[in-house]
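Asks: First residue of the sequence shown: 1, per our numbering; consecutive thereafter.
Just so you know, the hints here were simulated from the structure itself, not pulled from any lab data. There may be inaccurate statements among the hints.
Cross-link-like lysine to aspartate or glutamate pairs, in silico, EDC-like; alpha carbons within 16 Å at most [claimed, not checked]:
1. Lys4 with Asp68
2. Lys144 with Glu43
3. Lys144 with Asp17
4. Lys80 with Asp17
5. Lys144 with Glu113
6. Lys4 with Asp42
The following label-pair restraints were derived from C-beta to C-beta distances [unchecked claim]:
7. Gln123 with Gln71: 17 to 27 Å
8. Pro121 with Glu43: 13 to 23 Å
9. Lys80 with Arg118: 18 to 28 Å
Even for Gly, the Cβ is constructed at its ideal location relative to N, Cα and C.
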Amino acid sequence: MPIKQPISALIVIHTPDLQVLLLERADYPGSWQSVTGSREGDETLWQTAVREVGEETGFVANADNLRDWQQQNRYEIYHKWRHRYPPGTTHNTEHVFSLCLPQPLAPRLAPREHLAYRWVPWQEAATQVFSASNAEAIRALPLKSPLLQE
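Please put together the full structure from these sequences, using the hints given.
Replies: Dropping the structure here:
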């Protein structure tokens, strides 16, 4: 497994009525999250978000449906995953995006990454994810959704 960069993208996938896609981690069964992943090489954060959405769900992210929130979260990396990063790395900087799909769709899960998926209302989704920054992003979704700002 290659060494990860401590820079990542978090992508909250949702529908116009704010149903949120949650994925169950294969390496942490019972733990649910949005799409997330580390930057590879010198790709832009936008490219990271597009790649991660494709790898983890099979969905296509583009300028029509992917929104960069211009928001960063810095958090401590769980001890059990620190071996994936350069020695001495303790924190990650996460960049938040959202992806709006017209309706709940069945993702094509990457079996080594996720065991299951579910679509749930945003309020419920915020209580089911294990990451505090993921929960915060989901709670902010009604304010960030372009449809609610028109």
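Asks: Indicate, hint by hint, whether the structure satisfies it.
Replies: Going down the list of hints, with the structure as the test:
1. A hinted pair counts as satisfied when its Cα atoms are at most 16 Å apart, and Lys4 with Asp68 does not qualify at roughly 22 Å.
2. Between the alpha carbons of Lys144 and Glu43 the distance comes to roughly 25 Å, so the proposed pair goes past 16 Å and is violated.
3. Between Lys144 and Asp17, the direct Cα distance comes to roughly 13 Å. Compliance with the 16 Å bound is thereby established for this hinted pair.
4. About 36 Å separates the Cα atoms of Lys80 and Asp17, which puts this hinted pair outside 16 Å; it is violated.
5. Of the pairs offered as hints, the one joining Lys144 and Glu113 is violated, with about 27 Å between alpha carbons and a cut-off of 16 Å exceeded.
6. Proximity of Lys4 to Asp42 is assessed by CA-CA distance (about 12 Å); at most 16 Å being required, the pair is judged to hold.
7. Under the hint 17 to 27 Å, the C-beta atoms of Gln123 and Gln71, about 20 Å apart, fit the expected range.
8. In this structure, Pro121 and Glu43 break the distance hint of 13 to 23 Å, their C-beta atoms being roughly 33 Å apart.
9. The hinted window of 18 to 28 Å between Lys80 and Arg118 holds, with their beta carbons roughly 24 Å apart.
In this structure, the hints that do not hold are numbers 1, 2, 4, 5 and 8, in rising order.
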